[in-house]
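Q: These are the residues of each chain, in order.
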Amino acid sequence: MSSADPARRRRLGLRGRVILTFAVGAALVSLALAVSVFTISRGYLDAQRERSAQRQAAADAAFVRTRLAVPGAAPGDVLTAVDPPANTVLLLHRHDQWYSSEPDISPDVLPDPILAPADEPGPAILPVTIRGEPFLAVAVPLGADATFYELAPVQELRSTLTVLRTVLAASALAATLGGAALGLWAGRRVLQPLHRLAGTAAHIAGGRLDTRLADTGDRDLATLVESFNRMVDSLQQRIERERRLVGDVSHELRTPLTTLVTSVGVMRRHRDDLPERSRHALDLVSTELDHLHRLLEDLLALAKTEAGLHQDQPEPLSLRDLLIHTLADTARSADLLTVHTDGIVLGRKLALERTLINLMDNADRHGGGLTQIGLHRDADHAAIVVDDNGPGVPAGDRTAIFQRFTTGQATRGSSAGTGLGLALVAETIAAHHGQVRCADRPGGGARFIVRLPLAPGVTLPQTGRPPGLNIREPTSS
Amino acid sequence: MQPPPGFDSMERVAAKLLIVEDDDRVRTALRLALEDEGYDVGEACDAETALATLRRDGPPDVMVVDLMLGEMDGFSCIRQVRFDHDMPIIVVSARDDTHDIVAALEAGADDYVTKPFEIKEITARLRALRRRAGAAGAQEVPRDVLLDADPRAPLVLSPASGTVRRGEHDLHLTLTEFRLLCELAGEPGRVLSRQALLERVWDRGFFGDERIVDVHVRRLRTKIEKDPSDPRIVVTVRGLGYRLDVQR
Chain A
225 MSSADPARRR RLGLRGRVIL TFAVGAALVS LALAVSVFTI SRGYLDAQRE RSAQRQAAAD
285 AAFVRTRLAV PGAAPGDVLT AVDPPANTVL LLHRHDQWYS SEPDISPDVL PDPILAPADE
345 PGPAILPVTI RGEPFLAVAV PLGADATFYE LAPVQELRST LTVLRTVLAA SALAATLGGA
405 ALGLWAGRRV LQPLHRLAGT AAHIAGGRLD TRLADTGDRD LATLVESFNR MVDSLQQRIE
465 RERRLVGDVS HELRTPLTTL VTSVGVMRRH RDDLPERSRH ALDLVSTELD HLHRLLEDLL
525 ALAKTEAGLH QDQPEPLSLR DLLIHTLADT ARSADLLTVH TDGIVLGRKL ALERTLINLM
585 DNADRHGGGL TQIGLHRDAD HAAIVVDDNG PGVPAGDRTA IFQRFTTGQA TRGSSAGTGL
645 GLALVAETIA AHHGQVRCAD RPGGGARFIV RLPLAPGVTL PQTGRPPGLN IREPTSS
Chain B
13 MQPPPGFDSM ERVAAKLLIV EDDDRVRTAL RLALEDEGYD VGEACDAETA LATLRRDGPP
73 DVMVVDLMLG EMDGFSCIRQ VRFDHDMPII VVSARDDTHD IVAALEAGAD DYVTKPFEIK
133 EITARLRALR RRAGAAGAQE VPRDVLLDAD PRAPLVLSPA SGTVRRGEHD LHLTLTEFRL
193 LCELAGEPGR VLSRQALLER VWDRGFFGDE RIVDVHVRRL RTKIEKDPSD PRIVVTVRGL
253 GYRLDVQR
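From first to last, the protein sequence lines stand for chains A and B. First residue of the first sequence: 225, per the numbering used here; consecutive thereafter. First residue of the second sequence: 13, per the numbering used here; consecutive thereafter.
Honestly, the hints are just simulated from the structure, not real lab data. By construction, the Cβ of each residue, glycine as well, lies at the ideal position given by its N, Cα and C atoms. Just to be clear, a hint being listed does not mean it is correct.
[Said to hold, decoys possible] Non-contacting residues of chain A with respect to chain B, defined by C-beta distances greater than 12 angstroms in every case (computed):
#: 1; residue: 262
#: 2; residue: 329
#: 3; residue: 355
#: 4; residue: 458
#: 5; residue: 462
#: 6; residue: 467
#: 7; residue: 483
#: 8; residue: 548
#: 9; residue: 662
[As the list claims (entries may be wrong)] When the alpha-carbon atoms are kept at most 20 angstroms apart in a straight line, the in silico DMTMM-like pairs for lysine to aspartate or glutamate are as follows:
#: 10; chain 1: B; residue 1: 132; chain 2: A; residue 2: 530
#: 11; chain 1: B; residue 1: 132; chain 2: A; residue 2: 514
#: 12; chain 1: B; residue 1: 235; chain 2: B; residue 2: 96
[Said to hold, decoys possible] Away from chain A, derived, C-beta distances all over 10 angstroms, residues of chain B:
#: 13; residue: 37
#: 14; residue: 88
#: 15; residue: 94
#: 16; residue: 107
#: 17; residue: 126
#: 18; residue: 136
#: 19; residue: 183
#: 20; residue: 201
#: 21; residue: 223
#: 22; residue: 234
#: 23; residue: 260
Isolated chain A (complex conformation) (with noise of 0.2 angstroms):
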């Protein structure tokens, strides 16, 4: 059980998956939506800047071409009387000489592919970055021993990019964050009929067995509805049978044996008057009487326990109060009881009598005697002790004891047990959530150790004793 606890808490409950979902499921489509978009943007954007950088330069080319064609003119100058958009640098490289409109940028800032002569006509062009700002170089041949370069500032460009980019990612963002609200909106939707439905199983859980879900009409949940509430009424049905067969067997054996208990009862108070042999024979049928009566109250407790059918409602519970008026009632010595410590427990008073008796009982018919009660608690557990004085419980049938019809072999025969009182005590602790188990005693003997978790913050209100009860308190206190 332990081991599968990691696994569980690795993986994300129900809502955190429809969450996870889609956030993820709008990350991806937001993503590939603004990639897409912005590479579309750029390719666009700097096809649409390249060529109107080759236009720009052509005209201006075409400008130069024309002023230098003027004989006399001057190279510079000429560059100078070219009107380009703002930040172009124009360069001319004309018989080996190089011009240029900014007289800061040299030619070597001109990349080694457009200075090689082109081999096919039309203007070449290529990115390069001046002084850390991103351009384009154009370059346009003026015949044969000239060539114009006009370098077009792209920092616009890079800027609008750098926008969308932001304007994008930020998008994608928003998406993802809205998937993720939108998973919970709908993990929460899509969870309220299962939690409907979890309230409803822990009422039932709870005992009450008449609760159904109500009919969402919504035709998806339809079926789940449904079978839960079919599942619930064979549920009901079977338990409403148990109870009835319970029920049933309880009144056809009680009611002989009524009738016989109570006939005994006369015929052993009119003992004297009995023959010997007569006087014999009723102490028989008296004992056999009383095991057959024990065995059809532990089997009917039993079955009434694994049935989940009880007599009285748990409540708080002190063990100490409950060991001492055990002891009373089966006329045994309160001497045996030693409380170390009380312990509150929530409990069904009748059915712990019991199993305490049977304890009891037991130590006295196959233990050699009942030698002691302990009384003990610890953080959160309660643990009651009862020591034998008997040969003890062999390690191999120290869980076999607690199945029914397992009585000690040594004593068979002699004994009366009904072979089903640690059965019942078995069942009736585990009904309590606590644990019973045999031990070895220190010194010999056997050790019953149950143990009962506490009821949390519960106090007991104080019981107005009335005068004329005397209950005798533990020699301890």
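Following the hints, put chain B in place on chain A, whose structure we already have.
A: Chain B alone, transformed into the frame defined by chain A:
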């Protein structure tokens, strides 16, 4: 030596007891056992016979009623008897079904025993229920107690005469309801736990069924409270028990 429980210690006459039980064998066995205990036992095999016996012979001192009867079940039988009579009624049932027991108590039964029982169990129950009110504190002189000082209809408990009067009217409390009221009125303003009441009125120990107290308090309220759904005289103290508040 203690007299057998069937005899009234004061009057030395056998107490009259009526068994209503449909199973012949159980009924016969019970009669034998209870006669041994000193009761003057009458028998009825169904509810109709029982009611006829009551009309013919007058009320017994105590009744023992099985819940599973013929045509008319034990619940209706008890309800019918309660119209006119206040004697203790003990239910014997082969079912220890919660609903049955609470329903029987609500119908008017005073206590219950589940089958099969040792005869001494039933005689102990009978002895407890037949004790006179205030027997526990017999030293004090029983005086009338004013429980509700409403000038138009004062509620007065008279332990000596065994009556409770609201204005001009006698309230018909059963013996057990009367004893329960006496216990509560004996310590007005003090919370008595259900366990304590169970011990004092029913003589039941630690393992007694506290629902008996709850049902009886409910029944008592319908008779003495002006508005039983909003009790003022016998109030519930959650988790602790019940308290009697005198209305001044």
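Q: Tell me the hint numbers this structure goes against, listed in increasing order.
A: Per hint list: 6, 7, 8, 10, 13, 16, 17, 21 violated.
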